[in-house]
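Those sequence lines, one after another, are chains A and B.
Per the numbering used here, the very first residue in the first sequence carries number 1; after that it's consecutive.
Per the numbering used here, the very first residue in the second sequence carries number 500; after that it's consecutive.
Bear in mind the hints are in silico, worked out from the structure with no lab data behind them.
There could be a bad hint or two in this list.
Facing chain B, a subset of chain A residues (Cβ under 10 Å, in silico) [claimed, not checked]:
#, residue
1, K26
2, G57
3, F59
4, G62
5, G93
6, E113
7, D133
8, S138
9, D141
10, E144
11, I162
12, D165
13, N428
14, L482
Note that the Cβ used here is the ideal one computed from N, Cα and C, for glycine as well.
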Amino acid sequence: MKINFDTPVVQSREQRLGTIIAWDGKASELSSQSEFARRSCASGCGEKGRRLCEMKGPFTQGSVCSEQMVECQAGHVRDAVLIQHSPIGCGAGQVIYNSIYRNGLAMRNLPVENLRLISTNLQEEDMVFGGVDKLEQSIRDAWERHQPKAIFIATSCATGIIGDDVDGSARKMEGELGIPVIPLHCEGFMSKHWSTGFDATQHGILRQIVRKNPKKQEDLVNVINLWGTDVFTPMFNELGLRVNYVVDLATMEDLAQLSEAAATVGFCHTLSSYMAAGLEQEFGVPEIKAPQPYGFAGTDAWLRELARVTHREEQAETYIAREHTRVKPRLEELRKLLKGKKGFVSTGSAYAHGLIAVLRELGIEVEGSLVFHHDPIYDSQDPRQDTLSHLVDNYGDVPAFSVSNRQQYQFYGLLQRVKPDFIIIRHNGLAPLASRLGIPAAPLGDEHHALGYQGMINLGETILEILAHKKFHEDLASHIKLPYKKWWLEQKDPFLLVR
Amino acid sequence: MSEKEEKVTVPQIDKPARAKTNSIQQIRYVCSIGAMHSASAIPRVIPITHCGPGCADKQFMNLAFYNGFQGGGYGGGAVVPSTNQSENEVVFGGEDRLRELIGSSLKILDADLFVVVTGCISDLLGDDVGAVVREFQKQDVAVVFAETGGFRGNNFTGHELVTRGIIDQYVGDYDGPRTPGTVNVWSLLPYHNTFWRGDLTEIKRVLEGAGLEVNILFGPESRGVSEWKNIPKAQFNLVLSPWLGLKTAQHLEKKYGQPFLHLPVIPIGARETSAFLRAVVAFAGIDPVKAEEFIISEEGTYYNYLENFSDFYSEYWWGLPAKFVVVGDSAYNLALTKFLVNQLGIIPGKQIITENPPDEYREAIRAQYRNIAEDVSTDVEFEEDSYRIHQLIRQADFGQKPPIIFGTTWERDLAKEMKSAMIEVGFPTSYEVVLSRSYIGYRGALTLLEKIYTTAVGASA
Numbered sequence: 001m002k003i004n005f006d007t008p009v010v011q012s013r014e015q016r017l018g019t020i021i022a023w024d025g026k027a028s029e030l031s032s033q034s035e036f037a038r039r040s041c042a043s044g045c046g047e048k049g050r051r052l053c054e055m056k057g058p059f060t061q062g063s064v065c066s067e068q069m070v071e072c073q074a075g076h077v078r079d080a081v082l083i084q085h086s087p088i089g090c091g092a093g094q095v096i097y098n099s100i101y102r103n104g105l106a107m108r109n110l111p112v113e114n115l116r117l118i119s120t121n122l123q124e125e126d127m128v129f130g131g132v133d134k135l136e137q138s139i140r141d142a143w144e145r146h147q148p149k150a151i152f153i154a155t156s157c158a159t160g161i162i163g164d165d166v167d168g169s170a171r172k173m174e175g176e177l178g179i180p181v182i183p184l185h186c187e188g189f190m191s192k193h194w195s196t197g198f199d200a201t202q203h204g205i206l207r208q209i210v211r212k213n214p215k216k217q218e219d220l221v222n223v224i225n226l227w228g229t230d231v232f233t234p235m236f237n238e239l240g241l242r243v244n245y246v247v248d249l250a251t252m253e254d255l256a257q258l259s260e261a262a263a264t265v266g267f268c269h270t271l272s273s274y275m276a277a278g279l280e281q282e283f284g285v286p287e288i289k290a291p292q293p294y295g296f297a298g299t300d301a302w303l304r305e306l307a308r309v310t311h312r313e314e315q316a317e318t319y320i321a322r323e324h325t326r327v328k329p330r331l332e333e334l335r336k337l338l339k340g341k342k343g344f345v346s347t348g349s350a351y352a353h354g355l356i357a358v359l360r361e362l363g364i365e366v367e368g369s370l371v372f373h374h375d376p377i378y379d380s381q382d383p384r385q386d387t388l389s390h391l392v393d394n395y396g397d398v399p400a401f402s403v404s405n406r407q408q409y410q411f412y413g414l415l416q417r418v419k420p421d422f423i424i425i426r427h428n429g430l431a432p433l434a435s436r437l438g439i440p441a442a443p444l445g446d447e448h449h450a451l452g453y454q455g456m457i458n459l460g461e462t463i464l465e466i467l468a469h470k471k472f473h474e475d476l477a478s479h480i481k482l483p484y485k486k487w488w489l490e491q492k493d494p495f496l497l498v499r
Numbered sequence: 500m501s502e503k504e505e506k507v508t509v510p511q512i513d514k515p516a517r518a519k520t521n522s523i524q525q526i527r528y529v530c531s532i533g534a535m536h537s538a539s540a541i542p543r544v545i546p547i548t549h550c551g552p553g554c555a556d557k558q559f560m561n562l563a564f565y566n567g568f569q570g571g572g573y574g575g576g577a578v579v580p581s582t583n584q585s586e587n588e589v590v591f592g593g594e595d596r597l598r599e600l601i602g603s604s605l606k607i608l609d610a611d612l613f614v615v616v617t618g619c620i621s622d623l624l625g626d627d628v629g630a631v632v633r634e635f636q637k638q639d640v641a642v643v644f645a646e647t648g649g650f651r652g653n654n655f656t657g658h659e660l661v662t663r664g665i666i667d668q669y670v671g672d673y674d675g676p677r678t679p680g681t682v683n684v685w686s687l688l689p690y691h692n693t694f695w696r697g698d699l700t701e702i703k704r705v706l707e708g709a710g711l712e713v714n715i716l717f718g719p720e721s722r723g724v725s726e727w728k729n730i731p732k733a734q735f736n737l738v739l740s741p742w743l744g745l746k747t748a749q750h751l752e753k754k755y756g757q758p759f760l761h762l763p764v765i766p767i768g769a770r771e772t773s774a775f776l777r778a779v780v781a782f783a784g785i786d787p788v789k790a791e792e793f794i795i796s797e798e799g800t801y802y803n804y805l806e807n808f809s810d811f812y813s814e815y816w817w818g819l820p821a822k823f824v825v826v827g828d829s830a831y832n833l834a835l836t837k838f839l840v841n842q843l844g845i846i847p848g849k850q851i852i853t854e855n856p857p858d859e860y861r862e863a864i865r866a867q868y869r870n871i872a873e874d875v876s877t878d879v880e881f882e883e884d885s886y887r888i889h890q891l892i893r894q895a896d897f898g899q900k901p902p903i904i905f906g907t908t909w910e911r912d913l914a915k916e917m918k919s920a921m922i923e924v925g926f927p928t929s930y931e932v933v934l935s936r937s938y939i940g941y942r943g944a945l946t947l948l949e950k951i952y953t954t955a956v957g958a959s960a
């Protein structure tokens with residue numbers, strides 16, 4: 001299915017990909033029920049072939065919205081401004097994304113600064129009379145204050161409901177200022193999963209920033225990522241390639257030249273799916289159709305495909321052989337040190353598939369894991385990107401594999417099923433419960449930490465570090481009470497209420 | 500796809516004077532639903548959020564995580580139930596979904612009281628949240644609600660809505676006797692003020708030391724809902740802040756005939772704290788002997804430390820800040836200004852209040868600054884937009900050396916630019932880890948002195 005760039009509103013993940021947020025079973029089952037295998041749900045719960053059975057229940061804990069993902073992407077473009085067209089509450093996110101922006105800049109050796117987000121601060125009367133005047137004022141303020149190279153606009157639940165003509169204002173202000181003014185439609189209610197917010201940002205960038213008449217740069221590779229440390233440059237140097245990191249911490253020029261690259265890769269298909277497929281569809285920039293670069297199997301296949309597309313096969317083989325030799329001795333030591341340990345991954349979808357592979361490379365048992373959502377297919381629709389099948393085929397099944405949208409009350413039972421020694425997380429909300437059960441968490445703030453050959457070593461070392469934290473968590477666990485009722489804690493089935 | 504020029508051309512737009520607009524860059528408060536934290540600040544009380552999927556997470560991660568890394572505690576943070584409203588509820592209304600969520604929360608979560616707070620979606624679509632909640636109240640379920648849609652106000656006004664919701668719907672009517680010497684304390688905004696836990700603990704400690712029984716109501720020293728049930732039995736209410744809590748106290752006066760004492764300055768240091776205790780004891784009309792003994796004991800300890808500190812303060816060679824800037828909400832702003840001027844003799848440079856206090860309170864707040872000491876008068880400005888705040892500070896004249904800045908994470912870059920020492924004392928404080936630390940009262944003042952001068956000395960070489 002072709003991505004539609006004619007309209008300023010992105011199609012949600014559930015509409016495009018059939019995304020689900022609640023499911024329980026074996027990884028192999030989820031993989032075979034997903035679109036890549038072209039099988040529909042056995043119980044016939046959907047007409048669309050790509051629809052998976054999804055559970056739904058009465059109890060839900062706070063999730064995350066698409067607008068937050070727009071803040072953490074469009075809000076982190078270094079020479080742009082993001083306007084949050086909303087009441088002041090949506091602006092709360094400025095705090096966390098500022099901290100992440102500052103620490104991300106520091107990690108990349110870029111000048112540390114506050115981010116540039118402006119709230120239109122809508123009031124009760126604006127709900128009645130509309131907020132576009134305030135939107136235009138804030139756009140003018142953004143220009144006067146920073147002379148940015150682009151201005152993004154994030155919509156909100158409130159402006160979506162009152163029906164502000166954000167697209168009209170954006171067009172008008174673009175004419176007035178002569179810079180791209182890009183509406184990003186990301187009302188929280190419009191998608192059940194926040195990853196639609198990634199797509200909303202990437203949709204706007206593809207429509208209004210990327211150069212339409214690209215001059216190809218044969219050694220440039222787009223890396224769709226977040227704030228992670230620069231692990232791609234040393235790797236790409238070996239192949240004579242250059243890195244173009246987007247969207248976070250990028251400049252407008254980095255975004256504009258996306259269409260000129262020789263290929264697009266990412267660290268997580270969940271994040272990169274839309275942009276990579278869009279670049280291929282609109283500008284012929286090939287997306288690397290391979291598993292993600294985690295573990296030997298994934299990294300080998302990923303490097304070989306990147307090398308094939310960029311015609312650097314020889315350098316790649318030399319590099320692969322050298323890296324295998326380099327990391328193996330320490331990997332052997334780590335395997336001994338981690339022998340018998342049980343891990344549990346609880347992160348975003350495609351990323352989790354990669355991390356489980358790395359744990360298995362380290363000899364760690366992974367009997368259970370959860371992902372926040374599941375995309376039965378990615379935008380490329382290419383089976384070579386089927387990360388879940390890649391995991392199952394190369395590293396074996398995960399018996400207790402759950403899709404749970406950051407629902408902590410379910411997480412309790414999931415941990416009881418497999419009793420892991422540690423968990424791996426990125427998003428907030430689950431590690432506090434694990435901690436109160438005496439289980440330490442490895443928070444991967446640097447999303448590149450476990451990537452590639454070195455990533456296996458990195459993750460192994462980090463797990464050793466956090467296993468030592470067990471003392472803290474066990475002490476805490478013996479002194480506190482959980483907020484859940486005994487009845488709930490005694491249930492064997494974490495999905496009891498949603499089946 | 501529309502075609503864009505590669506080169507940016509500077510457009511000719513009129514450059515108006517930088518007048519105040521609706522824009523708020525680098526926020527210093529959040530919206531009303533942020534007051535879900537006023538519920539989870541009460542032991543064993545859990546908020547239920549009826550809102551979009553991101554609202555609860557946003558308020559928590561920003562007010563309680565990247566603000567001193569305070570944490571969600573028992574019933575806050577990630578365990579907060581939320582309807583995570585989707586398109587379906589936007590089209591068909593959210594009452595059924597809310598009913599289902601309250602019902603299932605009762606089954607799963609162990610709380611003494613649930614507080615339903617609402618977001619923009621519900622308030623715009625007009626869900627009858629009251630009707631849904633009353634169905635449960637009729638079955639004696641401990642649940643209350645407050646309509647806190649984001650466009651209705653900020654988390655300060657939301658706090659008073661939540662407080663009032665609990666008083667009217669849970670504490671209820673009372674016409675029995677009142678206990679002399681017992682006081683309800685309405686002071687710092689929980690979680691928004693990064694140091695509220697330690698500070699409320701210190702307030703309770705000194706009031707008890709002076710002979711009062713204290714319902715502190717929020718934080719680790721609160722006895723939870725039983726303490727809230729005792730609100731009407733207290734002799735009086737103490738509003739210890741420039742304005743927050745006044746509406747609650749006025750409501751309690753009307754509802755229970757309970758008088759209130761309003762003291763706008765949160766006391767920092769021996770001088771202020773002793774004066775504060777004497778004022779409260781006089782209002783309560785209790786025997787002052789216990790208070791005076793406590794004051795003597797506390798001042799003895801306090802001035803012993805100050806005596807030792809004076810070696811440093813009087814003969815440290817390498818220069819100390821002479822002027823200060825405070826950017827923050829009125830409670831800490833006024834308290835710090837009072838302490839810095841009166842205890843340390845630092846010269847006020849610029850004071851900016853950032854929480855948008857209702858107009859009706861602003862003149863009284865200004866008057867406090869005009870009379871900050873017997874011989875010192877200063878001014879204060881009200882501004883919420885950090886871009887303008889930073890311009891105001893840049894434009895001020897601080898004389899021969901840069902001022903010390905008491906502010907937030909938003910001032911980190913400004914402080915570097917001005918070569919100022921800087922201490923994060925308010926929302927957002929993303930580069931401090933805060934557990935029980937307090938900057939007020941007798942003990943907190945000493946911690947504050949340590950923090951100020953460690954910052955100044957630590958950056959010297």
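Structure-based check of all given hints:
1. For A:K26, the interface hint is violated, the least distance from its beta-carbon to any beta-carbon of chain B being 26 Å, above 10 Å.
2. At its closest, the beta carbon of A:G57 sits 8 Å from a beta carbon of chain B; the interface hint therefore holds under the 10 Å criterion.
3. Proximity of A:F59 to chain B holds as hinted, the smallest CB-CB distance being about 4 Å (cut-off 10 Å).
4. For A:G62, the shortest C-beta to C-beta distance to chain B is roughly 3 Å, which falls under 10 Å, so the interface hint holds.
5. Taking 10 Å as the C-beta cut-off, the interface hint given for A:G93 holds, the closest approach to chain B being about 5 Å.
6. Interface hint status for A:E113: upheld, as the beta-carbon distance to the closest one in chain B is roughly 6 Å, under 10 Å.
7. Checking A:D133 against chain B by beta carbon gives a least distance of about 9 Å; that is within 10 Å, so the hint holds.
8. Look at A:S138: its Cβ gets to within about 5 Å of chain B, closer than 10 Å, so that hint holds up.
9. Proximity of A:D141 to chain B holds as hinted, the smallest CB-CB distance being about 4 Å (cut-off 10 Å).
10. Because the beta carbon of A:E144 sits about 7 Å from the nearest beta carbon in chain B, less than 10 Å, this interface hint is met.
11. With a cut of 10 Å, the hint placing A:I162 at the interface with chain B holds, because the nearest CB-to-CB distance is about 7 Å.
12. With a least beta-carbon distance of about 17 Å to chain B, the hint placing A:D165 at the interface is violated under the 10 Å criterion.
13. Using the Cβ-Cβ criterion of 10 Å, the hint placing A:N428 at the interface with chain B is satisfied: the shortest such distance is roughly 6 Å.
14. Contact between A:L482 and chain B, as hinted, is supported at the beta carbon level, the nearest pair being about 8 Å apart and thus within 10 Å.
Hints 1 and 12 from the list above are not met by this structure, while the remaining hints are.
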